[in-house]
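Chemist: Dock chain V against the given chain P, drawing on the hints supplied.
Chain by chain, the residues:
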Amino acid sequence: MTTTGESVTGSNLVTRTAGRPFRGGRRLPLDWVGAVPFLGYASLFLLLPTGIVLVGAFSSNEGGVILSNFGTLNQGYLIKSFVTSLTLSAVSAVVGAILGAALAYAVATGNPRGALRRMVSSACGVLAQFGGVTLAFAFIATIGGAGFITLWLQAHGLDIYARGVWLYELPGLVLVYLYFQIPLMVLVFLPALDGIRPQWREATESLGGNTWNYWRYIAGPLLMPAFLGATLLLFANGFSAYATAAALVSQGDAIVPIAIANLLSSETGLANPGEAKALAMGMIIIVAVVMFLYAVLQRRTARWLQ
Amino acid sequence: MNRTRRLKLQLFRIVVFVVLGAFFLVPFGAMFEFSTRGNGVDAPRTLESWSTIATYPSLVQAILASLELAAITSAVMLFLLLPTMIWVRLRLPRLNRAIEFICLLPLTIPAIVLVVGLSPVYLWMAENLSDSILTLALAYVILVLPYAYRALDAGLSAINVKTLSEAARSLGAGWGTVMWRVIAPNMSAALLNACLLSVALVLGEFTFANLLGYVNLQVEINQLGQANAGVSIAVSVASLLFAFVLLMVLSFVGAARQALRAKPRPSDPRLEAVWGQKA
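Respectively, the protein sequence lines represent chains P and V.
Position 2 of the first sequence, counting from 1, maps to 1 under numbering that gives the first Met the number 0, and the rest follow consecutively.
Position 72 of the second sequence, counting from 1, maps to 71 under numbering that gives the first Met the number 0, and the rest follow consecutively.
This is chain V alone, in the form it adopts within the complex:
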């Protein structure tokens, strides 16, 4: 590579990084700036918006509801998906493609379309079973399927499921023991990965809750934004920071996992997502 071309390339890279870096970073700074504004034009900086978060009972309630939803979604996802994936790998390999297709389907069906179909289901559930906001977790499991599937699939591919299960079975273990005491502990990073992704997704979810008529964190932030922009932006920043911490944990776990694994997989499931084919 000659010198002028290298210089041009470096110049191009610096321009791209600075311009796009500003585009992505400035809104974060602006949110923080906005949430620390005082009342009035020349008022001094204040953390009032932050300290009043706890004085909005509906907001606290929404935060708690979203956290509960995140926990339930992760648990249901894990107990539903993990045994199925292990079972299919061991005993029903022919179903593998079908399960993968179903799991990746929510990526291609827009959430708003799913809501249209889910609203009669939820109407029925509200009348006959329960109208608690926690029923939303049932739909959220579908929403997190593609991401959880990818995470768990990566974990399962990294260990030798067949050998582990045959060894455990030949020593007299039942299927429950094989799954939860032999295979699961061997892929703890992937389990954590799948759970963190689910939590991050649920905490940021707006479409389902808003259109099915439940008030979760994002819906409440949106409503609050009409009345008190400062507080709702402060909560937004807080929830973002929380999600970032979660995803940082995840990327560290992912990096440790990557070092162990021979073949890294793309970080975004959409790369291989469509029609269940491998890219």
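Looking at chain P on its own, in the form it has when it is part of the complex:
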């Protein structure tokens, strides 16, 4: 097998070794050519953009190497957008994790081959990917100013917006995000719950433990890494989301993705690609740290729950 170094100069090698027989029974470097189209495509549309962000974060709009892009991040509204984003992702992740775990438990305690379980898991597969404009509109039609539930409650003397419209602000965003966070939690957490064996419960009972003991000393500690890991995944998921918030929030509480979008588009007259890249790099760092912790917890989970 050839080394990685040769792969770069693969085409030269091909011409040089084309006439030779197999070297020690190894394949000709020609094999590498097969992976070139895919690697080229991925470099152009995945690695190059990522590289542009990483390099661009450190260069001025004219091209010099600077750190001032990060300096300008030290502005009230940008810091606030990071705080809003982190709050939104954290709250929606924790609430979504708790409700999703409850739903997953309700599913796991049912018939493992039942229709209910199949239905819930395929619905979750769809809803975890559901987001963006459609989701925003669904909630506007439900609890927007003229929404179905809003009007129905008003007719029964209840005004959910008595203290101002909150759908387009942080509390509303959390509620809307739960719509895709809960299903994702079910998808991620269900395998962990399936790993819990009824024998453990029986063993607890035969040793005189009650329900509280079982959850506190057996199931809780076993499920905790899986639960925390899933919560981190939900956090990263919420932190990366843009479309839903963009369709819902036109002004007011800006989250980081919206701040990036504003810096990117020239319509607002505030276009600053360098700053956008610095913000984007901030997002990459946060997501990378969260995902790393997730991977660590995932490994811990895998040790116990096979």
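Warning: the hint list may mix true and false statements.
[Claimed, not checked] Looking from chain V toward chain P, a few residues come up when the C-beta cut is under 8 angstroms (computed):
id, residue
1, Leu8
2, Val17
3, Leu19
4, Met30
5, Tyr55
6, Thr83
7, Val87
8, Arg90
9, Phe100
10, Leu104
11, Thr107
12, Val115
13, Leu117
14, Ala125
15, Asn127
Hints were generated in silico from the structure; no laboratory data involved.
A virtual CB, placed ideally from N, CA and C, is assigned to each residue, including glycine.
Modeler: Using the frame of chain P, we list chain V on its own:
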């Protein structure tokens, strides 16, 4: 399990299913209700919002553009990814992890970050190659990579690629014949799976199109929503129903596939996605 505990558990399950079921179902009902409202407070129900969809030329154009994008994305994805995956399995097993890592990378890089890096690339393409909306398909291929990879990987794992290809090669088949006439027909369910996932993803895509300045279905729905909420919600419902039909087809295909396969895989690629490790 004693009786009171079983009762408590049943009560818990019913409460959870009813409350969360309402949370997930009510918005759908509300959308449909909203899209059939008449003008004015006491106006009767009407399907006007639905019937006027075709009278918005920009909307029709956006729908067509999104459908074309979905088709192109699926095709490029298939012709790029499938031969590579087969080739890597047969001849370059050392590259397997690298390909998997690249394919799953878009899950960990937020779409908005990718857009920041893609916008100079698209500026260059618009000036030097083409500024057609269909160029978006090139970026969408990256977006669907993780899902397509998982689907194709599952399909390839279910068949014996090596035996099939060796048998075909020893009978004199070229590599093209091996891939498209021997291996691909043996994993048709996985191919369909990957294509449907790609189509569903492209039809719902907003971030790339909006920030790169192209008007696809979702961007148009969003713009229309400012002017005529009824129509844009009607289109949303329609596009959702379409996606659901697609995904129902997919889940039936998946169920049939699952019955054939010995070892089921998790339905969400993110479960195994991170850092290319197997969960």
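Chemist: Going by Cβ atoms only, is Val17 of chain V closer than 8 angstroms to chain P?
Modeler: violated (10 angstroms)
Chemist: Against chain P, with CB atoms and a cut of 8 angstroms, does the hint on Thr107 of chain V hold up?
Modeler: holds (5 angstroms)
Chemist: Hint check: is the beta carbon of Tyr55 of chain V less than 8 angstroms from a beta carbon of chain P?
Modeler: violated (16 angstroms)
Chemist: Was the hint right that Val87 of chain V lines chain P, CB cutoff 8 angstroms?
Modeler: holds (6 angstroms)
Chemist: Quick check on Leu104 of chain V please, does its C-beta sit within 8 angstroms of some C-beta on chain P?
Modeler: holds (6 angstroms)
Chemist: With a cut-off of 8 angstroms, does the beta carbon of Phe100 of chain V approach a beta carbon of chain P closely enough for the hint to hold?
Modeler: violated (10 angstroms)
Chemist: Next item in the hint list is Val115 of chain V. Is there a CB on chain P closer than 8 angstroms to its CB?
Modeler: The hint holds - Val115 of chain V has a Cβ within 8 angstroms of chain P, the shortest such distance being about 4 angstroms.
Chemist: Ala125 of chain V was flagged as interface toward chain P. Is the shortest Cβ-Cβ separation under 8 angstroms?
Modeler: violated (14 angstroms)
Chemist: Should the hint that Leu117 of chain V touches chain P count as held when the rule is a Cβ pair under 8 angstroms?
Modeler: holds (5 angstroms)
Chemist: Let me know if the C-beta of Leu8 of chain V comes in closer than 8 angstroms to any C-beta of chain P, holds or violated.
Modeler: holds (6 angstroms)
Chemist: Does Thr83 of chain V pass the interface check with chain P, least Cβ-Cβ distance below 8 angstroms?
Modeler: holds (4 angstroms)
Chemist: May I ask you to test the interface hint for Leu19 of chain V with respect to chain P, counting a Cβ-Cβ separation under 8 angstroms as satisfied?
Modeler: holds (5 angstroms)
Comparing the model with each earlier hint shows violations of hints 2, 5, 9, 14 and 15; every other hint is respected.
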